[in-house]
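Enquirer: Residue numbers (our numbering), protein chains in the order written: chain A, 601 to 948; chain B, -13 to 192; chain C, 34 to 419.
One thing to keep in mind: the hints can contain errors.
Unchecked claim - With a Cα cut of at most 30 Å, we get these calculated BS3-like pairs of lysine-lysine: (1) C/Lys343 <-> B/Lys67; (2) C/Lys343 <-> B/Lys113; (3) A/Lys742 <-> C/Lys48; (4) B/Lys13 <-> C/Lys221; (5) C/Lys221 <-> B/Lys96; (6) B/Lys30 <-> A/Lys640; (7) B/Lys30 <-> C/Lys221; (8) B/Lys28 <-> C/Lys97; (9) B/Lys146 <-> B/Lys83; (10) C/Lys228 <-> B/Lys96; (11) B/Lys96 <-> C/Lys97; (12) A/Lys640 <-> B/Lys28; (13) C/Lys228 <-> B/Lys30; (14) B/Lys113 <-> C/Lys48; (15) C/Lys343 <-> B/Lys83; (16) B/Lys13 <-> C/Lys228; (17) B/Lys13 <-> A/Lys640.
No lab work stands behind these hints: they were computed from the structure. Here the structure is a predicted model, which is why all the values come from computation and not from measurement.
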Amino acid sequence: MEQFLTSLLGNALVVHVIMAVIPLLFILPYALVVIYLEMKIAAHMQDRVAYMRTGWHGTLQPIADMLKLLQKEDTIPAAADKPLFIMAPYIVFMGTYAAFAALPFSSAFIGSNINIGIFFIVAISSLVVVGLLMAGWSSNNKWSLFGALRSAAQIVSYEIPSAFAILGVVMLAGTMSLQELSAIQTGGIMHWMILGGTLPLMKKLIVIPLMLILFVVYYISSMAEVNRTPFDIPEAESELVQGYMTEYSGMKFAIFYLAEYANLFAVSAVATVLFFGGWASPFKSLMTGPWWSSFWFISKGMLFVCLNIWLRWTLPRLRVDQLMYMSWKVLTPFAFACVLALGLVLVW
Amino acid sequence: MNPVVEYFGNIYRGLRTATIGMRITFKHLFTKAVTIQYPTVKMKLPERARNRLYVNMDDCIGCDQCSMACPVDCISIQTIKSAPEDNLGTTSTGQKKRLHVPVFDIDIAKCCYCGLCVYPCPTECIKMTDVYEFSEFDRHNLIYSFSTMTPAEIETAKAKAKKMEEEAAAKKAAAAAAAKAAADAKAAAQAPTAAPQPEGPQQKPE
Amino acid sequence: MAETITAPPKTSSGKPLRTEEMIVNMGPQHPSTHGVLRLEIVVDGEIIVDVVPHIGYLHRCFEKHCEHMTNYQQVIPYVDRMDYVCSMNNEFAYVVAAERLLKIQVPERVEYIRVIMAELQRIASHLIAVGTYGIDIGAFTPFLYCFRDREKILDLFEMTCGARLLYNYMWIGGLSHDIPSDFIARAKDFCAYFKPQIRDFNNLLTYNEIFIKRTANTGVLPADIAVNYACSGPMLRGSGVNWDLRRDDPYSVYHKFEWDVAVGTGETGPVGSCWDRHIVRMKEMEQSVRIIEQVLAQIPDGDVQSAIPKRIRPNPGEVYARTESPRGELGFYIVSDGTGTPYRIKARSPGFVNLSVINEIARGGMVADLVAIIGSIDIVLGEVDR
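Please model the complete structure; the sequences and the hints are all you need to start from.
Expert: Structure below.
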């Protein structure tokens, strides 16, 4: 993609700016779609229908929601720490948007084909913690503070099991670059990492349960990273109104909202790339190619987003100390044990 | 309990109950919604539905029973006596109306929709209908006036009633004066006849 | 904001504040305090050190209003509005008290219909309690299922008396309307429909491991403290005390039916935890369905309005009568001075008394636990503040 644009335009700077903006062109329509999906799936699970009036079955409602948020009055509490308050949503969004740089949207397009892809993603997405803490602290609101501190503890703790799960996959694949990871998994569903990658059959039988556990560990940790139920204690609606986002309104709230959904897609996309083939088609050679691969990537990502929505509307939320217990005493030991076992299998 | 068993038991139970819950919500994804698209579709209310009040003024005899029964005093009624020769008509239940009702206001914002005003009405003219969509932008529009008398009619009725009252008062005063005169005359007539009686027993003791 | 602080701040209970602690106000407007309740919490990090509830935001001078009514029957709409979630039970308590004062004996049919309405209202009230409890804990879906089932109950009520929430149905000496002809069939349909829904709900929420983890070890109310604080209803029965006014201080015709009293047994943790109170409510709903089915099968004929007195003028005297409302012991103390206007009506509301125990059971827990505890006490501020 980069070569194509450079040959078209010639100016490297312009090409890089365009490449940086392309994920935004994905995020904005995606946000509209996922807001609609979330409301509709939630509604049908609850024996009701959600939006029906704006557009056919409410399809234009997310646009109306966005317009409403944009034209709302942007209030800043008088005693809030102004610079931090204003910067916080943008730092959160920056943290999640930067992760989009390393996601392989297609076999021909990746924002930045660095060879430490997944490592970069894990590192840069922890910038969100800084943004959340800034938001909670600068709001001058004790409840926001609660939310921000809980969130910081949660996100930092859940990086560990997620990193272990990623480590397992990287060991199996031998590379950290996401584009290469997807390329390794081409050639049909049996090459997907969740089913053992390109190992011989005997080793696959041992590796598949390990990879399954690693996937579950990664998925649960990713839910905690994006503050979704059952880990949405930082924005526990029934306790803290909106947690660290309580004092925000208008455009800043829209940025927070967008950042949350973008983050959701980012971690779902990472889950698909790591375990479910990324842009590789499940069929051996059917439906492959740059456009088809983009379709596979996006639809697999959306599948995990929908799974996340399903879980959100089913399960109650964990209390903050139970959250910590789960991270340190359940997910980390299991992930560690699986990585050890995987290492043994690979060496043997 | 053995901590190791408890630990794994917790994990197993957590996963199992989570999947049971997920199965229930997934099943509900395909059940028909229980909601309807109000306001294009409206539920049909049962016949006993208690919503907005309505008064049929043709049947109102001005007895004030509904106003006294109301627990929140939302009904205000004023009546004017009618002259005996006026014909206000009869109600549908056969009673002859004797009172003009110039003011019959129900403050529907105060009304608590209990229905206590409906039961005492002798002619069943106040009813609770099934209308529930009557929001207003201005609070004063929620004071419903049911009286059908025009201001001119009210003036004539009041004037007539005042005149009747004055006549009645004059009559009463005349009757009182006549009675007093008769009583004086009677007393005067009685006094000479009492004189010839023996004075013995009437003597006051010294 | 430069303000010089000259003395260490004090909490409203007068205790001086240690500097590691923070006073947080779970203010009158809060998504999970079930109404306008203000909780002043002193927290040390996430651990609660002290809780002081402030009530009165919904005080509507109901008891004073009753002294100006011209008629005992006019009090009934006010009584409805005390605990607006279980109006039939409020009316039931009041008419039992008034009938005891006036020494009126109501026809059998009236008693049976009153029991049906009270038990249906108990189910409806418990559905709100457990649905909103789910929301407090974070599970948003069971709430919608509860309201879907509650709508069916409200449809039954609307069919009978015309209103969905505040009925003015039970009058002193009888009822305002007799049940319509298709009521019994529809109520039987509802009972048959509702039993599997309770099972579904239990699978989705009650036995969910996360829910158990959130509620089974928090808000433990020992039985002796519950009795000392005069708690009643599911608060008391969740702590293992087997006391139900419908059986132990019988009123109306409850003694004619066979049903069990649900008591918390400490299945998932210590007895008297939030989970125990929740499971007591779920089991009470099952037992209410059982009672309703028995009543529907045995309901006699009669005139529901024959015993309604034309003029209510009781002899001077006083009466206290208590009934089992979904929240506990709801009692009315009526003082009459011989006229048609009540001299004094006092409502002993279960929510007010149950809420007083919040300090005992919330101390030492976390803020998230406080939300779970308030939800399990099941207060309705209309009743707490009257």
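Enquirer: Please go over all the hints and tell whether each is borne out by the structure.
Expert: Each hint tested on the structure:
1. For the hint pairing C/Lys343 with B/Lys67, the CA-to-CA distance comes to about 28 Å; that is within 30 Å, so the pair holds.
2. With a CA separation close to 21 Å, the supplied pair C/Lys343 and B/Lys113 stays within the 30 Å bound.
3. Distance restraint check for A/Lys742 and C/Lys48: the Cα-Cα separation of roughly 21 Å lies within the 30 Å cut-off, and the hinted pair is therefore satisfied.
4. Distance hint between B/Lys13 and C/Lys221 is fulfilled; the C-alpha atoms sit about 26 Å from each other, no more than 30 Å.
5. Between the alpha carbons of C/Lys221 and B/Lys96 the distance comes to roughly 37 Å, so the proposed pair goes past 30 Å and is violated.
6. Between the alpha carbons of B/Lys30 and A/Lys640 the distance comes to roughly 27 Å, so the proposed pair stays at or under 30 Å and holds.
7. A C-alpha spacing of about 22 Å is found between B/Lys30 and C/Lys221, which places the hinted pair at or below 30 Å, so the restraint holds.
8. Straight-line distance between C-alpha atoms of B/Lys28 and C/Lys97 comes to about 40 Å, which puts the hinted pair past the 30 Å bound.
9. A hinted pair counts as satisfied when its Cα atoms are at most 30 Å apart, and B/Lys146 with B/Lys83 qualifies at roughly 17 Å.
10. Restraint check for C/Lys228 and B/Lys96: the C-alpha separation of about 40 Å exceeds 30 Å, so the hint is violated.
11. Of the supplied pair hints, the one linking B/Lys96 and C/Lys97 holds, its CA atoms being roughly 18 Å apart against a limit of 30 Å.
12. Only pairs whose Cα atoms come within 30 Å are accepted, and A/Lys640 paired with B/Lys28 is accepted, the gap being roughly 22 Å.
13. For the hint pairing C/Lys228 with B/Lys30, the CA-to-CA distance comes to about 27 Å; that is within 30 Å, so the pair holds.
14. Straight-line distance between C-alpha atoms of B/Lys113 and C/Lys48 comes to about 59 Å, which puts the hinted pair past the 30 Å bound.
15. For the proposed pair C/Lys343 and B/Lys83, the alpha carbon gap of about 25 Å is at most 30 Å, so the pair holds.
16. Distance hint between B/Lys13 and C/Lys228 is fulfilled; the C-alpha atoms sit about 18 Å from each other, no more than 30 Å.
17. Only pairs whose Cα atoms come within 30 Å are accepted, and B/Lys13 paired with A/Lys640 is accepted, the gap being roughly 15 Å.
Hint compliance for this structure: hints 5, 8, 10, 14 are not met, and every other hint is.
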